[in-house]
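Q: So you can see what is in the structure, the chains are spelled out below.
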Amino acid sequence: MSLKRNILDLRKRKEKVLQGGGEKAIQKQVAMGKLTARERITSIVDEDSFHEYDLFVEHEARDFGMEKKQLHGDGVIIGTGTIYGQPVCLFAQDFTVAGGSLGLMHARKITKIMDHALKMRVPLIGINDSGGARIQEGVNSLAGYGEIFFRNTLASGVIPQLSVILGPCAGGAVYSPALTDFVFVVENISKMFITGPEVIKTVLGEEISMEELGGAKVHSEITGNAHFYALNELECFEQIKKLLTFIPWHNEKKARPFPPKPPKAEYKIEEIVPHDPTQPYDIRNVIRAISDDSDFFEVMEGFARNIVIGFGRMNGETVGFVANQPLVLAGVLDCDSSDKAARFIRYCDAFNIPLVTLEDMPGYLPGVDQEHAGVIRHGAKILYAYSEATVPKITVIVRKAYGGGYIAMNSRHMKADFMFAWPTAEIAVMGPEGAANIIFRKEIMSAEDPEAMRQEKVAEYKEKFANPYVAAAKGYIDTVIEPEETRKMLLHSLEVSMNKVDRRPSKKHGIPPF
Amino acid sequence: MSNFKEFNVDGTIYTTEVPDSVLNRKKWERPNPNHIKSFIPGTIFEIFVKEGQEVKEGECLMILQAMKMKNKILMPFDGIIEKINVSVDEKVPNRLVMVEIKA
Numbered sequence: 001m002s003l004k005r006n007i008l009d010l011r012k013r014k015e016k017v018l019q020g021g022g023e024k025a026i027q028k029q030v031a032m033g034k035l036t037a038r039e040r041i042t043s044i045v046d047e048d049s050f051h052e053y054d055l056f057v058e059h060e061a062r063d064f065g066m067e068k069k070q071l072h073g074d075g076v077i078i079g080t081g082t083i084y085g086q087p088v089c090l091f092a093q094d095f096t097v098a099g100g101s102l103g104l105m106h107a108r109k110i111t112k113i114m115d116h117a118l119k120m121r122v123p124l125i126g127i128n129d130s131g132g133a134r135i136q137e138g139v140n141s142l143a144g145y146g147e148i149f150f151r152n153t154l155a156s157g158v159i160p161q162l163s164v165i166l167g168p169c170a171g172g173a174v175y176s177p178a179l180t181d182f183v184f185v186v187e188n189i190s191k192m193f194i195t196g197p198e199v200i201k202t203v204l205g206e207e208i209s210m211e212e213l214g215g216a217k218v219h220s221e222i223t224g225n226a227h228f229y230a231l232n233e234l235e236c237f238e239q240i241k242k243l244l245t246f247i248p249w250h251n252e253k254k255a256r257p258f259p260p261k262p263p264k265a266e267y268k269i270e271e272i273v274p275h276d277p278t279q280p281y282d283i284r285n286v287i288r289a290i291s292d293d294s295d296f297f298e299v300m301e302g303f304a305r306n307i308v309i310g311f312g313r314m315n316g317e318t319v320g321f322v323a324n325q326p327l328v329l330a331g332v333l334d335c336d337s338s339d340k341a342a343r344f345i346r347y348c349d350a351f352n353i354p355l356v357t358l359e360d361m362p363g364y365l366p367g368v369d370q371e372h373a374g375v376i377r378h379g380a381k382i383l384y385a386y387s388e389a390t391v392p393k394i395t396v397i398v399r400k401a402y403g404g405g406y407i408a409m410n411s412r413h414m415k416a417d418f419m420f421a422w423p424t425a426e427i428a429v430m431g432p433e434g435a436a437n438i439i440f441r442k443e444i445m446s447a448e449d450p451e452a453m454r455q456e457k458v459a460e461y462k463e464k465f466a467n468p469y470v471a472a473a474k475g476y477i478d479t480v481i482e483p484e485e486t487r488k489m490l491l492h493s494l495e496v497s498m499n500k501v502d503r504r505p506s507k508k509h510g511i512p513p514f
Numbered sequence: 001m002s003n004f005k006e007f008n009v010d011g012t013i014y015t016t017e018v019p020d021s022v023l024n025r026k027k028w029e030r031p032n033p034n035h036i037k038s039f040i041p042g043t044i045f046e047i048f049v050k051e052g053q054e055v056k057e058g059e060c061l062m063i064l065q066a067m068k069m070k071n072k073i074l075m076p077f078d079g080i081i082e083k084i085n086v087s088v089d090e091k092v093p094n095r096l097v098m099v100e101i102k103a
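As they're listed, the protein sequences go chains A and B.
Here the UniProt record's numbering is used: the first residue of the first sequence is 1, the next is one more, and so on.
Here the UniProt record's numbering is used: the first residue of the second sequence is 1, the next is one more, and so on.
Keep in mind that a hint or two might mislead.
Below, simulated DSS-like cross-link-like pairs (lysine-lysine); rule was C-alpha separation at most 30 angstroms, straight line [stated by the list, open to error]: (1) K27(B) x K217(A); (2) K26(B) x K201(A); (3) K268(A) x K5(B); (4) K201(A) x K70(B); (5) K5(B) x K201(A); (6) K474(A) x K464(A); (7) K68(B) x K201(A); (8) K102(B) x K83(B); (9) K72(B) x K201(A); (10) K5(B) x K462(A); (11) K91(B) x K201(A); (12) K37(B) x K201(A); (13) K68(A) x K14(A).
If you want the footprint, here are the derived chain B segments under chain A, 3+ residues with CB under 8 angstroms [what the hints assert, rightly or not]: (14) 10-19; (15) 23-34.
Just so you know, these hints were derived from the structure itself, not from any lab.
Beta carbons are placed, not taken as given, at the ideal position from N, Cα and C, and that holds for glycine.
So here's chain A without its partners, still in its complex pose (with noise of 0.2 angstroms):
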């Protein structure tokens, strides 16, 4: 009988926490837009599969007033539980309880949650919601941050760290999403900065609202803070889902493979890309046309769109496909595209995903401001995470490829396991116009009509070098394969790389140009 009052105040005592903030601030969040913490849990894994842990934590703050008060939970909630059957660790703040603002039992149960992920060796998806440190704990609130943070680089490249970001997360907060793999927004619920809209005009006097300093369109395309943009919040975990078909659990394991399937036969490789390497083309429509059912999952869609990056399978294995892309800028390297490259590579290496690069290029994009914003580290990031990569490497020139450019997207140089380009690549230390102009710059001069001169250097140029042929003859260029052959090759080529043993100098870490 004692037992059945046991399991009855048990009962009782979780179905309180589980009202969180209670009715009225769960009637706010929803009016926002947003989902609940537990909702949000539940419609990201598998059903029944999530179970709760340290839910009758208790705050400990005496001052301000806090001891009077009860936060369910301390406002984070923490489990695990399944995705397509997978077990996966996750957290989510809870913004009705407290604003979700972190204090030092919120940030134990988050840096609980994070050890178990690395010690078990299993994802872990961090839900933000709130509204930052909570004032009345004074420095234990930063210390709690410091803590998720040292955690959050300690699982890099062990485990995959998904932060989605469902509504405020300001000042030191997000830190702890800019540490992990993948950033999740959606419009008009995410919201990241370091100081907010009141400061800034208190200080600067300029007027801007919170969604246009750091809203989920701010992130996605110009920041570059953001890698995946949804519109609404179902959308984001369908998102979250897809990418953890692409990953494996940790870095010692493969991502699952799944059955192989053709690509569509609406993307015709031959037709996609114009001859003429001065009109554009939109380089995705090729990685559809070479990866299986013309799947390819883009990360950072809106962000340096000069550059592609992105998951798709080939033979049923998970690839990283790297592109250029000649829709944008001509496809040009600059900051922010090598920024965005340069992680993607570290990610796949750290995570035995191989890379496809797909090159067409016609170099830097040119100017005061990316000289001065420093297009020389960043450019180094390339360079500095394509040498270090150790997983399977080949590369595909489709067009250009030019000068720096050619070196860095993965070249033989760089230890590409395989190059392929196409009949219409043209590798060269740069584009015939400006290589005749520096070459021929006397007898263009001197020339009674210099225009015409011109006009016959670059041909004569374009004769010599603007082919795959000299860099063939070289070795540095495996094979000129047709555009048709592409998907053939590269089926090949990862298969016999499967085993690829590549050892390194032994080093506590190298020095990337950050």
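Mind docking chain B on chain A? Use the hints.
A: Only chain B this time, still in chain A's reference frame:
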């Protein structure tokens, strides 16, 4: 297809999209040594000089308060104050020409 523009990379003209961020790039200008610009947005706290006044290198022209700090704005070389474009208590943006001087 209408949003394609001509875009020059190393002498070759490419047809491609050019994002606004690149289209609206500010042209670089050589800094004018006779212009004293704000280096941070803030408020003019105090002004110590008048137009036409002769000032020695290193003398304090004004105090620009920003981020709770009172920053001294110093004369870069011996010269004359030609024009003062700000007044006390005025909020100034970054890179505003506050004072024009002459050697």
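Q: Now tell me if each hint is right for this structure.
A: We went through each hint and held it up to the structure:
no., hint, in the structure
1, K27(B) x K217(A), "holds (27 angstroms)"
2, K26(B) x K201(A), "holds (25 angstroms)"
3, K268(A) x K5(B), "holds (26 angstroms)"
4, K201(A) x K70(B), "holds (19 angstroms)"
5, K5(B) x K201(A), "violated (37 angstroms)"
6, K474(A) x K464(A), "holds (15 angstroms)"
7, K68(B) x K201(A), "holds (15 angstroms)"
8, K102(B) x K83(B), "holds (10 angstroms)"
9, K72(B) x K201(A), "holds (23 angstroms)"
10, K5(B) x K462(A), "holds (24 angstroms)"
11, K91(B) x K201(A), "holds (11 angstroms)"
12, K37(B) x K201(A), "holds (21 angstroms)"
13, K68(A) x K14(A), "holds (20 angstroms)"
14, 10-19, "holds (count 10)"
15, 23-34, "holds (count 3)"
The earlier numbered hint that this structure contradicts is number 5, and it is the only one.
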